[in-house]
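2 protein chains.
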Amino acid sequence: MTTLVDVARRAGVSQSTASNVVRGGALVAEATRERVERAIAETGYHPNAIARSLKARSSKAIGVLVPDLTNPFYAELVVSVERAAGALGYAVLAVHSECLPETENATGRALIERRVDGVIIGGISVGSSLPKTLLDRGIAVVLASLGEPTDQRLGVIDHDDAKAMEAVVEHLCGLGHRRLAFAPQALRENSGERRRIGFENALAQRGLTPAGLDAATAIVAHNDMQAIALIDRLEERGKRVPHDVSVVGYDDIPLAAHGRIRLTTVRSDATHMGRRAVELVVGASREGRHVCWRELHSNPLIIRSTSGKAPR
Amino acid sequence: MTTLVDVARRAGVSQSTASNVVRGGALVAEATRERVERAIAETGYHPNAIARSLKARSSKAIGVLVPDLTNPFYAELVVSVERAAGALGYAVLAVHSECLPETENATGRALIERRVDGVIIGGISVGSSLPKTLLDRGIAVVLASLGEPTDQRLGVIDHDDAKAMEAVVEHLCGLGHRRLAFAPQALRENSGERRRIGFENALAQRGLTPAGLDAATAIVAHNDMQAIALIDRLEERGKRVPHDVSVVGYDDIPLAAHGRIRLTTVRSDATHMGRRAVELVVGASREGRHVCWRELHSNPLIIRSTSGKAPR
DNA sequence: CTGAAAGCGCTTACAG
DNA sequence: CTGAAAGCGCTTACAG
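Same order as they appear, the protein sequences are chains R and S.
So in our numbering, the last one in the first sequence is 719, and the numbering has no gaps at all.
So in our numbering, the last one in the second sequence is 719, and the numbering has no gaps at all.
If you are wondering where the hints come from, they were derived from the structure by calculation, not from laboratory data.
Just so you know, not all the hints are guaranteed correct.
One copy or two, it doesn't matter: identical chains are merged, so the pair holds either way.
Unchecked claim - Straight-line C-alpha distance at most 35 Å; calculated DSBU-like pairs for lysine-lysine:
id : residue 1 : residue 2
1  : 646       : 570
2  : 539       : 570
3  : 570       : 716
Make the full structure from the sequences, and use the hints.
Structure, rendered in structure tokens:
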């Protein structure tokens, strides 16, 4: 692979001068520039980003950690992060963690060793020490779609799950439901707990307590993927949705609007979050500081056809 | 951030010795090793992978390019690649290309500059020059789930689309269909063309030609995501699936088995492909050669409920 | 406008 | 068993 010295030699200039034309900007005589450019074209030279990073002490790479890449909500978040990062010249290391502490820790180590400039966390296991580990090493981190009030250094792009759950419960109770359950989440996601708590608080305000899954006439799931899987399990067992039991999701993935699903859910804007997270993390990293910023969005309830009148 | 010299100084040894204990293996006196290990623990030292890569002339990173990360089939491929790569100490740069030539080229440049050791291509625009560009720079590349017979240096993990389409057409014709169409693909995917051609050949063998989308009683889509979207569009316009029109997909994503979808489709094993692709690409890269290998899998037809008897 | 030199943080022969 | 030295491919003051 050709290096900068190769092109310098070929153009008959010093390495510094070759570097100046490669990076652009610096003042170089027109004739010299042309000679170097010809050498670059002839050799097909591409700068070595690794050497650059070493010198610059910045990898121009960020990590993004999601619990489940096969969930379209997270896939969309990653796509959005990638797009925004790419536009700024950053590469992205996307990691599917399954909220497994060992995976999270291994990932943390890998991201630290590769000296990522920042990491965006789309979901993480409850009680994880990863954010602190990263922060302590001077890596900018933003939490996207979950909250973690404990560390001031964090960037947080959050949505108001308590309010969303309040709206969900209000909707369901308005349909006459009294036995409502929250489906246990598949992964030990931090945000899942928060939603369950918001759900239980909203019930408590109405003097209700959570029902068991089998007794419930309405079930709210931690996210759309789980809601959709739940509908399948319910219908396999002969229950009709929403006639016998109503189901509500969270995220509003594209599939939720499909005519055969028509899921009642809470809309969460992954694309916006991803873009914003990149802005925050790259901005902070460039200024050599932590993000120290939080913002709260509110997510609207989208009523479709998986929620209906309570039976009887 | 603490460096190797810091820990060496702290342990009172040379940098070489510190390096020897960090990497393990090399012969170091027990007492010395302990002193260095203490220094590592005390400083929280993590080796700088960038410096390592520069010296080793290997980034220990691979790229994976997919047309659409929000399609669970590709997400699964990426997850599988990540897992296999991670186990070998490789990082993965996942890129969602949308089969846009500009994105593919920009990605190619980024992957070359970052000196990835290999790239796995899960889908690419028809006629793309990306594989050749990469190959010419000595980067190992494997095509997963598509074929590209032109370049011997490639690794190819392919499935037999012609045979699969033959089975699809046989199934549909067996149900009495005579007017069959292939839905135009959303992205300009290389493999899409191949499926369409396989489909048309299978028709031709029966003396049939492709029908228009509106006249067709059976439509085969390029993949499950498109088949599922197609069902929605059809049913919105008042057609019943499969009563009025049968729909067949490709991939067998988890959702295809959902009770409300029950899509007839061709099963393709993304997880296996991802794992195999990593083996091939890492193996070749380590030996400093191209992959030069191709294998063909055959994908079974999974008959569910979106395909039925031809109307009338 | 151009170039010599130092240095980013490692690894790797090579002496001792 | 340990250490001094060179070098991976760049960038960046600094002279000239």
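Going through the hints against the structure:
1. 646 / 570: within (30 Å within a copy, 40 Å between copies)
2. 539 / 570: Classified as within; 28 Å inside a copy, 53 Å across copies.
3. 570 / 716: So residue 570 and residue 716 pass the 35 Å test inside one copy only (22 Å; across, 49 Å).
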